[in-house]
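With the hints as extra help, turn the sequences into a complete structure.
As they're listed, the protein sequences go chains P and R. Take the first sequence: its letter number 40 is residue 40 in the working numbering, and every next letter is one higher. Take the second sequence: its letter number 262 is residue 262 in the working numbering, and every next letter is one higher.
Because the hints were derived from the structure by calculation, they are not lab data. Hints may contain errors.
[Claimed, not checked] Some chain R residues near chain P, calculated using beta-carbon distances under 10 Å:
hint	residue
1	254
2	264
3	292
[Said to hold, decoys possible] Straight-line C-alpha distance at most 27 Å; calculated BS3-like pairs for lysine-lysine:
hint	chain 1	residue 1	chain 2	residue 2
4	P	17	R	257
5	R	217	P	29
6	R	217	P	68
7	R	205	R	99
8	R	210	P	29
9	R	217	R	205
10	P	32	R	257
11	P	32	R	217
12	P	68	R	302
13	P	68	R	257
14	P	45	R	257
15	P	29	P	45
16	P	68	R	210
17	R	257	P	29
18	R	257	P	52
We put the beta carbon where it would ideally sit given N, CA and C, even for glycine.
As a plain string of letters, each chain reads:
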Amino acid sequence: MASVEEVKRRHEASLMKIRGVVGVGIGRKDGKDCIRVYVAKDTPKVMSAVPKDLEDVPIEIVVSGPFKAL
Amino acid sequence: MKPEEAKPICECTLLGLEREGMTPAVHPDVVGVGIGYKRIRGFASQDLALKVYVRQKVHPLLVKDGRAIPDEVEGVPTDVEEAGEFSIWRPIPPIYQRKVRPAMGGISIGHYAISAGTLGCLVTSGGEKFILSNNHVLANENRGAEGDPILQPGRFDGGKTDKDVLARLDTFVALDPDGTNIADAAIAQPFDERDVSPDILGIGKLRGSKDASLDEKVMKGGRTTRVTRGTVVDVSATVRVGYATGSFVFTDQMIIKGERSSFSAGGDSGSAIVSYDGRALGLLFAGSPFYTIANKMDNVQKALDVKVA
Chain P
1 MASVEEVKRR HEASLMKIRG VVGVGIGRKD GKDCIRVYVA KDTPKVMSAV PKDLEDVPIE
61 IVVSGPFKAL
Chain R
1 MKPEEAKPIC ECTLLGLERE GMTPAVHPDV VGVGIGYKRI RGFASQDLAL KVYVRQKVHP
61 LLVKDGRAIP DEVEGVPTDV EEAGEFSIWR PIPPIYQRKV RPAMGGISIG HYAISAGTLG
121 CLVTSGGEKF ILSNNHVLAN ENRGAEGDPI LQPGRFDGGK TDKDVLARLD TFVALDPDGT
181 NIADAAIAQP FDERDVSPDI LGIGKLRGSK DASLDEKVMK GGRTTRVTRG TVVDVSATVR
241 VGYATGSFVF TDQMIIKGER SSFSAGGDSG SAIVSYDGRA LGLLFAGSPF YTIANKMDNV
301 QKALDVKVA
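Right, here's the structure in full:
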């Protein structure tokens, strides 16, 4: 099975293209590594556009708000 | 007479407030009148008294003629207390936003044209000492030029180009609007190495650097939110970050969540992310209301060819 890092690398560009997605990372969910997708706002549009999993790696959507230089 | 009834009389004769049938007078030593328990030799008694607050309390024998406060007013005892001068509260800015020499990590700094950011820590390159912070703090988002004055405190905190210049901009990692970035970093060289210290305010000396791990507890010292603690929640993030000049994509970033409230706010940019065993893990540069993003210190050191001092 492909590692979470590899799966993330393969799909990162397309995930970042989804409107409202501000980041893609790796986190832990229920003790297992998962791909985290950071969104600016939890609009129904972005929530449905982000897949539930990719190549058997679960995706966790995190509402982070937009990222700005501080 | 009750203290409440005697108080207006005092307010008229000592503070100069208007009162029917009386001539107002201002006592030059009195700054306030109130009601409280009479204090005898420093101890509060059970008896209510008219409190007369004076600038400076002096021995009864040294009180100037005609300036003595009466022992009682309409049968209510008085109690003279030294209160100094009452003034509106003008807060002194915290040390994080003031001029500090030697300058250390965690305090206000900035390119002369920006508002203010944070001095991260000292780094060395070729045996010389440099100040590490962000490109957008020391190099004004690619617009700075080598030799530009770096102010401590930053301009927003009152830093002036004629007396608060600490260092000169040396080099920065250029921000690329089209490709991906790994560091928002720059270094500046202090004019006098004795003007900088390897300490981080509120944290102490760094003991080198290392890579952060997931779920690791970290802290930082910054110009705005000072020392805060948080947890690393992501060590392989790709993020899009909004800047004054546009948005930039960063890869291989770490994301931190604050322990209680926010881990960072505007002005904390440039802070070093420090592990609980005192090692530099990252360079804070961006955030959302809930998360903070930092470059990995290893990437910063490689990009600028420096080592954490």
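Tested hints:
no.	hint	verdict
1	254	holds, 9 Å
2	264	holds, 6 Å
3	292	holds, 8 Å
4	17/P to 257/R	holds, 25 Å
5	217/R to 29/P	holds, 18 Å
6	217/R to 68/P	holds, 23 Å
7	205/R to 99/R	holds, 20 Å
8	210/R to 29/P	holds, 25 Å
9	217/R to 205/R	holds, 18 Å
10	32/P to 257/R	holds, 19 Å
11	32/P to 217/R	holds, 20 Å
12	68/P to 302/R	holds, 24 Å
13	68/P to 257/R	holds, 15 Å
14	45/P to 257/R	holds, 26 Å
15	29/P to 45/P	holds, 23 Å
16	68/P to 210/R	holds, 26 Å
17	257/R to 29/P	holds, 16 Å
18	257/R to 52/P	holds, 24 Å
Checked against the numbered hints above, the structure violates none of them.
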